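Between the sequences and the hints, there should be enough to build the whole structure, so can you do that?
For the protein sequence lines, the chains are A and B, in the order given.
For the first sequence, the positions run 0 to 277 when numbering that gives the first Met the number 0 is used.
For the second sequence, the positions run 0 to 219 when numbering that gives the first Met the number 0 is used.
Treat the hints as calculated values from the structure; they're not laboratory data.
Misleading hints may appear alongside valid ones.
As the list claims (entries may be wrong) - With beta-carbon atoms standing in for the labels, derived distance ranges:
1) A:252 to B:11: 48 to 54 Å
2) A:270 to B:197: 42 to 48 Å
3) B:55 to A:171: 36 to 42 Å
4) A:276 to B:14: 18 to 24 Å
5) B:197 to A:263: 53 to 59 Å
6) A:175 to B:174: 48 to 54 Å
As the list claims (entries may be wrong) - Examples of chain B residues lying across from chain A (beta carbon under 8 Å, computed):
7) 78
8) 103
9) 105
10) 168
None of these values were measured; they are calculated from a predicted model.
Glycine included, every Cβ here is placed at the ideal spot set by N, Cα and C.
What follows is each chain in one-letter form.
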Amino acid sequence: MAKPARVRDPLGLRRAVSGWLLPALVAAMALLAAIALGGAEAAEALARRWEGGAAAAMLVQLQPGLDPVPAAEQVATLPGVAEAIAMDRERLSALLHPWLGDASGLPLPPMIEVRLTHVREADIVAQGIAEMLPGAQVEQHGVWVARLSALARSLQAMAWMTLALVGGLATAILAVATRAGIAARRDTITILHELGATDGTIARHFAKRVAWLAACGASIGVAEALPLLFALGRMASPLLGDGLEMPWLALLALIPAAALIAWFTALSAVRMWLKRLP
Amino acid sequence: MVRLEDITLSYRRGENPALAGLSFALEAGSFTWLMGASGAGKSSLLKLLQLSVRPTAGRLTVLGTAVHTARRRALPGLRRRIGIVFQDFRLLPHLSVLENVALPLRIAGRREVQLRADAEEMLRWVGLGHRMEDRPEALSGGEQQRVALARAVVARPALLLADEPTSHLDEPQARRVVSLLQEMQRLGTTVVVATHSPNLIQDFPAPILQLHQGRLLSHG
Numbered sequence: 000m001a002k003p004a005r006v007r008d009p010l011g012l013r014r015a016v017s018g019w020l021l022p023a024l025v026a027a028m029a030l031l032a033a034i035a036l037g038g039a040e041a042a043e044a045l046a047r048r049w050e051g052g053a054a055a056a057m058l059v060q061l062q063p064g065l066d067p068v069p070a071a072e073q074v075a076t077l078p079g080v081a082e083a084i085a086m087d088r089e090r091l092s093a094l095l096h097p098w099l100g101d102a103s104g105l106p107l108p109p110m111i112e113v114r115l116t117h118v119r120e121a122d123i124v125a126q127g128i129a130e131m132l133p134g135a136q137v138e139q140h141g142v143w144v145a146r147l148s149a150l151a152r153s154l155q156a157m158a159w160m161t162l163a164l165v166g167g168l169a170t171a172i173l174a175v176a177t178r179a180g181i182a183a184r185r186d187t188i189t190i191l192h193e194l195g196a197t198d199g200t201i202a203r204h205f206a207k208r209v210a211w212l213a214a215c216g217a218s219i220g221v222a223e224a225l226p227l228l229f230a231l232g233r234m235a236s237p238l239l240g241d242g243l244e245m246p247w248l249a250l251l252a253l254i255p256a257a258a259l260i261a262w263f264t265a266l267s268a269v270r271m272w273l274k275r276l277p
Numbered sequence: 000m001v002r003l004e005d006i007t008l009s010y011r012r013g014e015n016p017a018l019a020g021l022s023f024a025l026e027a028g029s030f031t032w033l034m035g036a037s038g039a040g041k042s043s044l045l046k047l048l049q050l051s052v053r054p055t056a057g058r059l060t061v062l063g064t065a066v067h068t069a070r071r072r073a074l075p076g077l078r079r080r081i082g083i084v085f086q087d088f089r090l091l092p093h094l095s096v097l098e099n100v101a102l103p104l105r106i107a108g109r110r111e112v113q114l115r116a117d118a119e120e121m122l123r124w125v126g127l128g129h130r131m132e133d134r135p136e137a138l139s140g141g142e143q144q145r146v147a148l149a150r151a152v153v154a155r156p157a158l159l160l161a162d163e164p165t166s167h168l169d170e171p172q173a174r175r176v177v178s179l180l181q182e183m184q185r186l187g188t189t190v191v192v193a194t195h196s197p198n199l200i201q202d203f204p205a206p207i208l209q210l211h212q213g214r215l216l217s218h219g
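As C-alpha cells, then:
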C-alpha cells in the first residue's frame, strides 16, 4: 500500500496535479519567452549601435578652397550636432586608400566629419548646413542605416509582443491545469469546505502546487534556451561588435514570473470555482 | 442555539420544495433524533444545518448567526463550530486515519503537536487507536464510521450533526456510537442524529423531529 499523503497536502494535489505535462508545457513557454527576450535584447543592441554609430554621422564636402576648420566650428554650433571635425588630408587619403590606393597626390575637396546627437536630427542638421555653407554637399549615409534601425526596433517590438503572447498562453495552460486539478479533487474540496476551510486556504494549496510545477518547468525552459541564445549571440556578433550581452537578469526573472503567473492563475481559478459553493 | 422559522428549501425552481414551512428550535446541549422515511427531508435539513445549502425562504439561525442573511465569508468560521458525520463517511482516501481526524483541527489552525495529540486521543476514544496510520480504505465500514465520528467531534463542536451514523454498524457497535454521541451531549454539544432505527430511539430516549414530505410532522 502507498504511504499516506503528507499532511502538508490535505488535498492530495501531488497526485491530482502531477506528471510531466504541465512542467513540460511551461518549459516550452519559458523557452519561447527566453528566445523572445534574447531577440529583443539583440534587436535593441543593433538599433542602439546603428543609431549611435554610422547613422549618427555625416560627411560634408565643402566648396573647393574653403577652409574646413572655421567651417567645422560653425557647424558645431548647430543644434543636434555633437561634434564637427575638419578632416585633414592624411585622414581623407586614409579613407580613400581602399578604393584609390595612394590618394595623397590627388586634389581632394575640404571635408568636415559631423557626429549627431541622434540620428533623427540628420535632416535638421543637413538643412542647417545647407543654409550655413552654401554649395556644401551633405552625404547622409545615415538614411539607410536609420531604416535598418527602424527595422531593428520593429523586431524588438515583435519580440515583446511574442513575450506577451507567451505569457497569455502560459496563463491559459495553467488555468486549464488548475481546473483539471479541481475536477480531480472536487469531493475533497467540498469536504474541506464543509469542514470550515476558507476559500483562501483551499486556493492557496492549489496555488502552491501549480506555482512549484511552473517554476520547475520555467527553470528547465530557461536552461534549454541558454545554448540557443549563446549561438544567437555568436551569429550576431559581427553586427553587434562586442557580441550579444546576455540578459541574465531578465532570463532569471522568467522563473519567478512563471511561478507568480501560476500562483495568481490557480488562486483565481479555484476561488472562482469555490464561489459555486454556499 | 438552532432556530428555524418558516423555512423553505428548494433545489430547483418549479420543483416541489425539499423542505417547506419548517419551524422549530433546538436548545443548546440538547439531543434530538431526526426521523422520517426516505425522501422525507432529513438529509436536506441536515445540509441546511451544516450550511451546505442556504434556505430559499424563511429565517435560519445557527449558533447565534442568522444564516439566511450572513455574508459568505462569515460561514467558514461557523462551519468550524459544527461537526458532521456524513452517511457515506466522506473520509479523504489519500490521508491516513489520523490525518483525517486531525483535519478539522488543521483547518482551525491548531498547532501541530496539540493537533496530533487531540486526534490520537479521539481515535482511542472511538476504539481505533491501533489503526491511526492506516488508510481509510483498509478499514471496515464500521471502523470508517467511527473515524468519521472522531473527525466530527475532535474540534469539540458546539453543534454535532450525524446522518445515519449507525447505518453500517451491527447492533453493539451502533449502541456504542450512540453512547459516544450522548457523551458529547453531556459535554455540552447540541446533537442532532438522523436515523431509521426505532430500536435505537427506544433504547436512547430523546426528543424526536419527525419529518414527512419535507414538513414537520411532530417535535417532542
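Structure-based check of all given hints:
Distance hint check for residue 252 (chain A) and residue 11 (chain B): the Cβ-Cβ separation is about 50 Å, which falls inside the suggested range of 48 to 54 Å. At roughly 46 Å, the beta-carbon separation of residue 270 (chain A) and residue 197 (chain B) lies within the given 42 to 48 Å, and the hint holds. In this structure the hint that residue 55 (chain B) and residue 171 (chain A) lie 36 to 42 Å apart at CB holds, the actual value being about 37 Å. Against the hinted window of 18 to 24 Å, the Cβ-Cβ separation of residue 276 (chain A) and residue 14 (chain B) comes to about 21 Å, which satisfies the hint.
Between residue 197 (chain B) and residue 263 (chain A), the C-beta spacing of about 55 Å keeps the proposed range 53 to 59 Å intact. For residue 175 (chain A) and residue 174 (chain B), the hinted distance range of 48 to 54 Å is satisfied, since their beta carbons lie about 51 Å from each other. For the restraint placing residue 78 (chain B) at the interface with chain A, the shortest Cβ-Cβ distance is roughly 4 Å, inside the 8 Å limit, so the hint holds. Taking 8 Å as the C-beta cut-off, the interface hint given for residue 103 (chain B) holds, the closest approach to chain A being about 5 Å.
For residue 105 (chain B), the interface hint holds, since its Cβ comes within 8 Å of a Cβ in chain A; the closest pair sits about 7 Å apart. With a least beta-carbon distance of about 21 Å to chain A, the hint placing residue 168 (chain B) at the interface is violated under the 8 Å criterion.
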